[in-house]
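Undergrad: Listed here are the chains, written in short residue letters.
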Amino acid sequence: MTKVLIYNTPNCIYCQMAKKFFKDHNVAYEEKDVSVDDEAREEMIAKSGQLGVPVVDIDGKIIVGFDESAIKELLKL
Amino acid sequence: MIYDIIIIGGGPAGAAAGVYSARKKLKTLVIADSFGGQSLVSDSIENWIGVKKMTGLELAKMLEGHIRAYEDAEIKMPEKAVLVKEISSGWEISTDKNNIYQSKALIVASGGRRRHLNVLGEDKFEGKGVSYCSTCDAPVFKNKPVAVIGGGDAGLEAVINLVPYASKIYLISNKELLTGDVSTQEEIKKSDKVSVIMNADIQEILGDKFVSGLKYLDKNDNQIKELKIEGIFVEIGSVPNSEFVKDLVGTNQKGEIVIDHKTGATSRPGIFAAGDVTDEIYKQNNISAGDAVAAALSAYNYLLNIKKNENKNSN
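Protein chains in written order, with the numbering used here: chain L, 2 to 78; chain S, 145 to 459.
Heads up, some of the hints might be wrong.
Said to hold, decoys possible - Here are the simulated distance ranges between beta carbons:
no., chain 1, residue 1, chain 2, residue 2, range
1, L, K48, S, K334, 34 to 44 Å
2, S, S339, L, I63, 32 to 42 Å
3, L, L78, S, K398, 36 to 46 Å
4, L, L78, S, L361, 45 to 55 Å
5, S, I146, L, A71, 31 to 41 Å
6, S, I231, L, V37, 47 to 57 Å
7, S, K205, L, K73, 18 to 28 Å
8, S, D216, L, D39, 51 to 61 Å
9, L, D39, S, E230, 51 to 61 Å
10, S, K205, L, D38, 26 to 36 Å
11, S, D336, L, S70, 37 to 47 Å
12, L, A71, S, M221, 19 to 29 Å
To be verified - Examples of chain S residues toward chain L, derived with CB under 10 Å:
no., residue
13, D187
14, V274
15, D281
16, K353
17, G375
Simulated from the structure, these hints should not be mistaken for laboratory data.
Don't be surprised by glycine CBs; every beta carbon is placed ideally from N, CA and C.
Just chain L, with the same shape it has in the complex (with noise of 0.2 Å):
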């Protein structure tokens, strides 16, 4: 099965729209909140090069920003 995993802020609009899409396609996600979770913050940025969020993980693939198109290319939606 797709692991997707997604990188987020509490107050990121972005990651809020991005998290709605996979529960309106009813794809299962986990998610790190980096605001508060140190080791995640410097996983992300060691994944994507980017100090910014979101950063989604879909199986070891790396998304930066929300990029519907793309996410829906790797789930193939």
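With chain L's structure known, arrange chain S on it following the hints.
TA: Coordinates of chain S only, in the frame set by chain L:
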């Protein structure tokens, strides 16, 4: 199908025009990239009259819900207008979804988008220390020194968002005074993390993999100075989204659509405009909504006149 009115934009201006147009029972189409306008990313809006405090997302939902309450208003979202052409019956709008829509009158409420600094390093380090969304990215800069560029409302708000996280915040403005909300300025002064640098022009963003500093010209003593920072939040206002209509209506040097501030009329009869895309001085949600009401009522009168003339000609 020819709509009476097409409204381009889903911010406070677009929504206000949509509601007024629909209440006049005009066949209305709203084409919007998203709802909420530039405040969508705001963590806390405290000056929308009638609501003490809400998030940008809440504002967006309110605006969208209000338009959707009317059967006469149709919505295409997310969709972006790319070009407006004049046709015999009015206007033809083509979009990024390769659709074409036609209307008798047009209200341009397409707002603005973030202004960039246009300095060396800005593009290279976007997402690698340069951010345009403090509500999103402030927590990523926990215990790091950062700079906020811009002394207006958005700049001050970015500082507020960063105070709980960053180790040090330089608020940098190219003006002599901060222009943002005075009550927010007072709140910022309470934090000993914040240093304000006025009269400074950003020259370059420095770094290797990520941002490590910035160079600025201190206009007080004409010296180039350097700051060691790891994040830069750019909040220097907006540029108008007027490109798709600029060959039809008059614009000023900034690219803002010049309007008659009594009626919202542009230089081209049948095209009206409101909000941040216009030469309105105060880029404020409440003003955008109010201006759009004027534009919608003017568009309604414009359509009435067209109808009157048609009747005259047919009699």
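Undergrad: The structure should be examined with respect to each hint, and the outcome stated for every one.
TA: Consistency of the hints with the structure:
1. Checked against the hint of 34 to 44 Å, the pair K48 of chain L and K334 of chain S passes, with Cβ atoms roughly 37 Å apart.
2. Between S339 of chain S and I63 of chain L, the C-beta spacing of about 35 Å keeps the proposed range 32 to 42 Å intact.
3. For L78 of chain L paired with K398 of chain S, a C-beta distance near 41 Å keeps the hint of 36 to 46 Å intact.
4. Separation of L78 of chain L from L361 of chain S is about 49 Å and conforms to the stated range, judged on CB atoms against 45 to 55 Å.
5. Distance hint for I146 of chain S and A71 of chain L: a CB-CB separation of about 37 Å, consistent with the stated range 31 to 41 Å.
6. Evaluation of the 47 to 57 Å hint for I231 of chain S and V37 of chain L yields a pass: the beta carbon distance comes to about 56 Å.
7. At about 24 Å, the beta-carbon gap between K205 of chain S and K73 of chain L stays in the expected band of 18 to 28 Å.
8. Checked against the given bound of 51 to 61 Å, the beta carbons of D216 of chain S and D39 of chain L, roughly 52 Å apart, stay inside it.
9. At roughly 58 Å, the beta-carbon separation of D39 of chain L and E230 of chain S lies within the given 51 to 61 Å, and the hint holds.
10. Look at K205 of chain S against D38 of chain L: about 28 Å separates their beta carbons, and that is inside 26 to 36 Å.
11. Separated by about 45 Å at the C-beta atoms, D336 of chain S and S70 of chain L satisfy the suggested range of 37 to 47 Å.
12. Separation of A71 of chain L from M221 of chain S is about 20 Å and conforms to the stated range, judged on CB atoms against 19 to 29 Å.
13. The interface hint given for D187 of chain S holds, since its Cβ lies 5 Å from the closest Cβ of chain L, which is under the 10 Å cut-off.
14. Satisfaction of the interface hint for V274 of chain S is found here, the shortest Cβ-Cβ separation to chain L being roughly 9 Å, below the 10 Å cut-off.
15. The beta carbon of D281 of chain S comes within 5 Å of a beta carbon in chain L, closer than 10 Å, and the hint placing it at the interface holds.
16. The criterion of a C-beta within 10 Å of any C-beta in chain L is met by K353 of chain S, whose closest approach is roughly 7 Å, and the hint holds.
17. The beta carbon of G375 of chain S is positioned within 10 Å of a beta carbon in chain L (closest approach about 7 Å), and the interface hint is therefore held.
Violated hints are absent here; each numbered hint is respected by the structure.
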